[in-house]
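J.: The lines below spell out each chain.
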Amino acid sequence: MGKSKEDLSERLNKLERSIKSAKDDNNPSLLEHKKQIKSALMHCGIELFSCVLAGLLFGLLVDKYFKTKPLFIIVGFMLGVAAAFYNIIKLVRK
Amino acid sequence: MNPLHQFEIKPILDISAKGVSFAFTNSSLAVLLSCSIFVILMFLCTGKRQLIPSRAQAFAEFAYQAISSMVDENIGENGRQFFPFVFSLFFFILAGNMFGLIPYCFTFTSHIIATFALAMIAFLLVTIYGFIKHGLHFLSYFVPKGVPLVCGLLLMPIELFSYLSRPISLSIRLFANMMAGHTMLKVFAGFSALMGFWGIAPLVVSVVLTGFELLVAVLQAYVFTVLTCLYLHDAVYLH
Numbered sequence: 000m001g002k003s004k005e006d007l008s009e010r011l012n013k014l015e016r017s018i019k020s021a022k023d024d025n026n027p028s029l030l031e032h033k034k035q036i037k038s039a040l041m042h043c044g045i046e047l048f049s050c051v052l053a054g055l056l057f058g059l060l061v062d063k064y065f066k067t068k069p070l071f072i073i074v075g076f077m078l079g080v081a082a083a084f085y086n087i088i089k090l091v092r093k
Numbered sequence: 000m001n002p003l004h005q006f007e008i009k010p011i012l013d014i015s016a017k018g019v020s021f022a023f024t025n026s027s028l029a030v031l032l033s034c035s036i037f038v039i040l041m042f043l044c045t046g047k048r049q050l051i052p053s054r055a056q057a058f059a060e061f062a063y064q065a066i067s068s069m070v071d072e073n074i075g076e077n078g079r080q081f082f083p084f085v086f087s088l089f090f091f092i093l094a095g096n097m098f099g100l101i102p103y104c105f106t107f108t109s110h111i112i113a114t115f116a117l118a119m120i121a122f123l124l125v126t127i128y129g130f131i132k133h134g135l136h137f138l139s140y141f142v143p144k145g146v147p148l149v150c151g152l153l154l155m156p157i158e159l160f161s162y163l164s165r166p167i168s169l170s171i172r173l174f175a176n177m178m179a180g181h182t183m184l185k186v187f188a189g190f191s192a193l194m195g196f197w198g199i200a201p202l203v204v205s206v207v208l209t210g211f212e213l214l215v216a217v218l219q220a221y222v223f224t225v226l227t228c229l230y231l232h233d234a235v236y237l238h
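Chains A and B are the protein sequences, given in the same order. Per numbering that gives the first Met the number 0: the first sequence = residues 0 to 93. Per numbering that gives the first Met the number 0: the second sequence = residues 0 to 238.
Next comes chain A alone, as it looks inside the complex (with noise of 0.2 Å):
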């Protein structure tokens, strides 16, 4: 008698667990949060590329204007790489 209640325990504890699960599956806010993951890493991605693009293209412009070859592109590339990680902190932040 005692072993069966505790099985009947042990069975509902069980389902009591699948039922969790199959209800964080469906569970629409965790979706929508799984979803915005996804484009925030997009984000970050397009991101770290286009301010490290954006840092470059301005130093290789101010270089050939005022003949300081390597000096500004350095200095873009830089400027680009923080701000692009500035971008992620405050976008992480948000």
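Keep in mind that the hints were calculated from the coordinates and are not lab data. Ideal placement from N, C-alpha and C gives every residue a C-beta, glycine not left out.
Listed below are several chain A residues computed to face chain B (Cβ distance under 8 Å; list not exhaustive):
(1) Ile45
(2) Ser49
(3) Ala81
Position chain B against the provided structure of chain A, taking the given hints into account.
T.: Same frame as chain A, but now just chain B:
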């Protein structure tokens, strides 16, 4: 069967003046056709102004309402003046993306120069409007709020670069999504052409991908316009 062959630009009418080519290409034809289809559709939809709207009129009203609420939510009270710009931008991109999904049609939004031109229009509008509205005070946008002076001096060039990167990130997002999607579609279509009977498997994948591309076409047009609205909000209110 080159999957990138679809992005090739071919001149239809060669016009050149003083060594500069103004050729009417298949890309220009795609812009012209997609825009005229959309304009004609809108004219037909709003032709009969009924009190109880027909399906077509309901579509046009829905389009107006959707963009109007987007402008109100993202730009704010003073944003109504930008409604025509945002509406045209959204439906220009959407029409281009959708037109490209028709077989044998050219997708002009899969070229970075087209998306960059669109992003530059938005960027210049934001910058010029900011300077007209706030004068030189607009430059205070580059100093984050509530930051000590030394930190502000350090953050100013970083903010400036993140501002300058906006048109690049805006254009790359649209261009990369459209180009990647269309290349993938072509690759799977190529598989099903090469594999004979078993080509039915990649065919199923390309059907699914076409549906996915429809989603991407609408989503990317939406993302582009929402980001433009957010930038316009910055120009109107500063921070």
